[in-house]
Amino acid sequence: MKRLSALFISLLASAGLHAGEVQVAVAANFTAPMQQIATEFAKDTGHKAVLSFGATGKFYAQIVNGAPFEVFLAADDTTPARLEKEGHAVPGSRFTYAVGKLVLWSAKPDFVDARGEILKDGKFNKLSIANPKTAPYGAATIETLKKLQLLAAVQPKFVQGENISQTLQFVFTGNADLGFIALSQVFKDGKITEGSAWIVPGYYHEPIHQDGAILAKGKGNPAAAALAAYLKGDKAKAVIKSFGYDLR
Amino acid sequence: MLTDSDLQAIWLTIRLAGITTLILLLIGTPIAWWLARSRAWWKGPVGAIVALPLVLPPSVLGFYLLLAMGPNGPFGQLTQSLGLGTLPFTFWGLVVASVFYSLPFMVQPLQNAFEGIGERPLEVAATLRASPLDTFFSVVLPLAKPGFVTAGILTFAHTVGEFGVVLMIGGNIPGVTRVASVQIYDHVEAMEYGDAHRLAAVMLIFSFAVLLAMYTRRSQPRREA
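In the order they appear, the protein sequences are chains A and B.
Count along the first sequence starting at 1, add 1, and that's the number in our numbering.
Count along the second sequence starting at 1, add 2, and that's the number in our numbering.
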């Protein structure tokens, strides 16, 4: 009985430690870093971040239609701006939490050269890209290919993922030899984790600013404000950088 | 009202559903016949496998198909050794996937129809010295006709409504794998809600019309009986 009450007390205590909870909608490309950040956020502040991952456009539709998200980490900067304009985000709460980097990647080692010349050779079956209409990394891909004057040449080999996760999946399973994906997907602790890659230099496309915002539903929730502050802190920044993002 | 790419997606969807239905008529009929007549112990396992796509999330089915049909998968290695290349991102890849995905919608109504015929007509045909093949075409087919109509309509409609599997293995290529459901998803993702509404309305009307046709047929009393 004594033990049982001790268990209850510790349960209550841990519930007390999780002072708050915040519902977060996270862009698919930020999945891995955000999981790590959320763990440290819980340790450091006691607040719990409940994460949902998905495509930015879909989150937009859900948020506008009353989804219970309190913080939104988008894959672009236009969607949070639009949400703020339409009154779904707390004015002035927007911030750039990461700047995305585009990478040409293959699951095969030594397949992609350090300068991306393989695009000119054309010796690959398919080129997996994110849907340029909906995914910022897809739009950056098209911009890059235009600058390289290769768009017309490689377009017949396009296969499109609906979001950056699916774009990676096509390459990862070997169905496409090559893909333009987010560096964060294949980058950890300062290096490419597997396969071969060409990191696309930033001057080939407009910077991929990934903005976050506190949503109207999160207004007044201390955990939401704490998470936004935490993402701007040094600890989170170090994590974000270690996954291959730039910071503004 | 609908854009050219919408019409292209609709036409592609109709082609996919039509070809899938034809192939499944050919494959599904013998399977359903066997399931209806057999007393083998492995009838149960086969029936369960046929029904799997009803239960499995399309994302699971799509992911397995992507792996199996990919260059390192068993099916992909088979198609490569036959000189066909790999199937993901092709129209015929979608056809193969749809055949798996819609299999129960063809087999189950047919199996019910065959079971409903019972032993008697077959025995009569046998005493009249009809060969099994003859029996099938002149006795079973006419008696099971409503079952074939239901199975065909359900298969066609279900393939039109396919989304998750196509998304996983299609690669969203206009005119090749971008079917209507994916096109709608694209419109929604791109926040083109007007376009999404128009195409979605077409799909909704189509689905309702198909089901209406089927249920009206079914609720009519049989005249011959």
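Take these hints with a grain of salt, some might be off.
Computed spacing ranges between beta-carbons, pair by pair [unchecked claim]:
hint, chain 1, residue 1, chain 2, residue 2, range
1, A, P69, B, P176, 47 to 53 Å
2, B, V62, A, F112, 25 to 31 Å
3, A, D122, B, S40, 52 to 58 Å
4, B, T218, A, E207, 53 to 59 Å
5, A, A62, B, N114, 36 to 42 Å
6, B, I51, A, E207, 46 to 52 Å
No lab work stands behind these hints: they were computed from the structure.
Think of the CB as a built atom: it goes at the ideal place given N, C-alpha and C, for glycine as much as any other residue.
**Report entry** Distance restraint evaluation - V62/B, F112/A, Cβ atoms, bounds 25 to 31 Å
**Finding:** 29 Å, holds
Requested in this report: State, for the Cβ atoms of D122/A and S40/B, whether the hinted interval 52 to 58 Å holds or is violated.
Outcome: 56 Å, holds
Query raised in the report: Range hint 53 to 59 Å: satisfied by the CB atoms of T218/B and E207/A?
Result: With a Cβ separation near 56 Å, T218/B and E207/A satisfy 53 to 59 Å, so the hint holds.
Query raised in the report: Does the Cβ distance between A62/A and N114/B fall inside 36 to 42 Å?
Result: At roughly 40 Å between Cβ atoms, N114/B and A62/A fall inside 36 to 42 Å, so the hint holds.
Query raised in the report: Okay, P69/A versus P176/B on CB: inside 47 to 53 Å?
Result: 36 Å, violated
Query raised in the report: Given a hinted range of 46 to 52 Å, is it respected by the beta-carbon distance of I51/B and E207/A?
Result: 50 Å, holds
In summary, the structure is inconsistent with hint 1 from the numbered list given earlier, while agreeing with all the others.
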